[in-house]
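Chains as they are written, first to last, in the UniProt record's numbering: chain Y, 1 to 341; chain Z, 1 to 347.
Note that these hints are calculated values from the structure, not bench results.
It is possible that part of the hints are untrue.
FRET-style restraints, in silico, Cβ to Cβ [to be verified]:
hint : chain 1 : residue 1 : chain 2 : residue 2 : range
1    : Y       : K33       : Z       : N87       : 27 to 35 Å
2    : Y       : Q71       : Z       : P245      : 51 to 59 Å
3    : Y       : R38       : Z       : E36       : 46 to 54 Å
4    : Y       : A24       : Z       : N173      : 55 to 63 Å
5    : Y       : C112      : Z       : K53       : 51 to 59 Å
Partial chain Z-side listing against chain Y, Cβ under 10 Å, derived [said to hold, decoys possible]:
hint : residue
6    : L56
7    : I61
8    : E77
9    : V81
10   : D86
11   : H127
12   : R177
Under 8 Å between C-beta atoms, here's a sample of chain Z residues computed to sit facing chain Y [as the list claims (entries may be wrong)]:
hint : residue
13   : L32
14   : T49
15   : Q68
Small disclaimer: the values here were computed from a predicted structure and weren't measured.
C-beta: ideal position from N, C-alpha, C; glycine also.
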Amino acid sequence: MSADFWNSTQRSQWQFTRESLAQARKNVLAIEKKMGERGEISQVNIPYHTYMRIFLHQLILKLGRRIAVRQIAIATAEVYTTRFLTQASIKETNPYLLVTTCLYLACKIEECSQHIRTIVNEARNLWPEYVPHDATKVAEFEFYLIQELNSYMVLHHPYRSLLQINDVFKELAGIRNSDPHPEDASLVLSPNELQNCWSIINDSYITDLHILYPPHIISVASVFMTIVLQQSSPNQNSSDPANFSLGLDSTDGSLYFSSHSRTLHSAIPEVNPFTGRVEASTVLSEPSARITMFTRWLGATNVDLEEVIDAIQEMIVLYSMWEHYDESQIKRSLSVMLLGR
Amino acid sequence: MSIVAVKLVRKPKHTYIKEKKVGEGTYAVVYLGKQEGTKRDIAIKEIKTSAFKDGLDMSAIREMKFLQELKHVNIIELVDVFSTSDNLNLVLEFLPADLEMLIKDKAVIFTPADVKSWLLMTLRGVHHCHRNSILHRDLKPNNLLLAPDGQLKIADFGLARSPNAPLDELTSNVVTRWYRAPELLLGTRYYTGAVDIWSVGIIFAELMLRTPYLPGPSDAEQLDVTFRALGTATEDTWPGVSSLPGYNSLKIYPPPSRNELRNRFLAATEKALDLLIWLTTMDPSKRFDSSEALLSDYFTEMPRPTECSHLPKKSGQVDEALKRKREDEAQEEAKKKELQTAKRRKA
Chain Y
1 MSADFWNSTQ RSQWQFTRES LAQARKNVLA IEKKMGERGE ISQVNIPYHT YMRIFLHQLI
61 LKLGRRIAVR QIAIATAEVY TTRFLTQASI KETNPYLLVT TCLYLACKIE ECSQHIRTIV
121 NEARNLWPEY VPHDATKVAE FEFYLIQELN SYMVLHHPYR SLLQINDVFK ELAGIRNSDP
181 HPEDASLVLS PNELQNCWSI INDSYITDLH ILYPPHIISV ASVFMTIVLQ QSSPNQNSSD
241 PANFSLGLDS TDGSLYFSSH SRTLHSAIPE VNPFTGRVEA STVLSEPSAR ITMFTRWLGA
301 TNVDLEEVID AIQEMIVLYS MWEHYDESQI KRSLSVMLLG R
Chain Z
1 MSIVAVKLVR KPKHTYIKEK KVGEGTYAVV YLGKQEGTKR DIAIKEIKTS AFKDGLDMSA
61 IREMKFLQEL KHVNIIELVD VFSTSDNLNL VLEFLPADLE MLIKDKAVIF TPADVKSWLL
121 MTLRGVHHCH RNSILHRDLK PNNLLLAPDG QLKIADFGLA RSPNAPLDEL TSNVVTRWYR
181 APELLLGTRY YTGAVDIWSV GIIFAELMLR TPYLPGPSDA EQLDVTFRAL GTATEDTWPG
241 VSSLPGYNSL KIYPPPSRNE LRNRFLAATE KALDLLIWLT TMDPSKRFDS SEALLSDYFT
301 EMPRPTECSH LPKKSGQVDE ALKRKREDEA QEEAKKKELQ TAKRRKA
């Protein structure tokens, strides 16, 4: 990975605006329609929507865990998948083969390369009816993938900026590498909070954020969600439905928000996040003092707040949709498309 | 069972004309050609898909990965990548010569200003790699290509790597033998850009000597050759060296005195010697980094580095030379491929 995001191809070649992304998707749909009319692709309706993307995300996670690769390779594979599907319709591909290939290439790029046989065998263990035994299929697909990526393959991920942000927090608190004591109204993220941020970032790969914004925007959004949204609930019991809170879903390891965005709105205004001004006379409880500190810090940075807000919204929408996620419909239609049954 | 595969052909930014096949390696065929419209000379590395039943070769992947990110006047430009139905094509800028050819061409005279100019361009390219945290790991005169306008370009990123973390274990089996840093010869698994700097130092010496500086006859003897020329590293000069895997039963040679070095490099100024000493310091943590090297007094003392358009060019016929070079490359690639397969097997 090149050290500098700003001069990277991720920024110069693969960063969309909302508009250009919508246009790219429109083009893909137009191609899909044409191919459908010519009978070149299946007539089954396979929309590329949030549920489908959660499904693909989980496919990559499953395969990644089986071959025990580093998180960074999984993240890279997810962005490759997203990029690929801005150029080609999901109906032109075998999604199982797509994620296998993305992970295979990502492992090579992130220098934890796995033999093609290993990946194909593991993928076949998971999805025997969809992944061909013949490893050359993946080798072939790798070429198409590189082509659709325009051979731009280096990625910058938010994980590193997250750790950098926390380093800044540590410096602000005047402590370096020593035991952080979050209760001293410091911004330093506790191990739990860091884990929360990490999980939010993991989940963010389901969305378009990585082809819309620089990685640090996503890290800041994850920190904001962790510090502000979590701390604004007076009691941190994640099972309490009256509060907006975060928790780890034990069933699929993903992070979820247990409440609806309505509650979020009531949680944020007291903070007035982007001015950071709080009357000196106001007596603050400890959590809001920390939030104030954070918003002041954020306000003093040059981070694009509009982008951060957009990222947060995207994540909240994702989490609220995730609550109703059901993969059976997707599995059924993929089976009809790929196997004819 | 119907497995749907994609067949999409993306249009390249330009069209290219392949004019002449100049070489064939294990995974690629190299052509010279032109970019249609601009008439720009280019080289096309055509990677055969069919050759990769096991997926695309790592060196091809690395070349694409790094060259797409690194844009610098002293690094070979990857102009475009496009694919045809069954192969992938890397369009590279056309670079008719390399530094090794010039060093060997005894009809060509190097002035101290020429040497300075080439070293400066090399260090600028290396600096750009290092500030992007990319280690080249195979610097040698043969990989320093020369453009028609005299600019030097670092090429062949097939072994390049960016360490993910400072404590990532890396293979010490990198860099062509004669340019391999002592920490690699001693088998360290943790190293930095200092390995590239060492290579630059050895290339600097070679530019002045017009012959390889530390031509070890085998991997096993390279360490001995290195220590004989520059003194055996000890705990005093390099704390921690004795705990490296390859540090045992070594002959102890004294480091060369300043006078010995003066005699070795008769044309070198004191500042040139200083820089050479810093570039080839045994302890990688004390060795100059690319910024320190670029800021060295050698570059500010007279003579000024030669303007690149005035640098000497190869005397003989260009086509002949090119052919030879490509053959060398093909051999190199075959060797590398072997190494890769061996590594993969090991893994």
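Here is how each hint holds up against the structure:
no., hint, verdict
1, K33/Y x N87/Z: 27 to 35 Å, "holds, 31 Å"
2, Q71/Y x P245/Z: 51 to 59 Å, "violated, 30 Å"
3, R38/Y x E36/Z: 46 to 54 Å, "violated, 31 Å"
4, A24/Y x N173/Z: 55 to 63 Å, "violated, 43 Å"
5, C112/Y x K53/Z: 51 to 59 Å, "violated, 22 Å"
6, L56, "holds, 6 Å"
7, I61, "holds, 5 Å"
8, E77, "violated, 14 Å"
9, V81, "holds, 4 Å"
10, D86, "holds, 9 Å"
11, H127, "violated, 13 Å"
12, R177, "violated, 23 Å"
13, L32, "violated, 21 Å"
14, T49, "holds, 5 Å"
15, Q68, "holds, 5 Å"
Against the hints set out earlier in the document, violations occur for numbers 2, 3, 4, 5, 8, 11, 12, 13.
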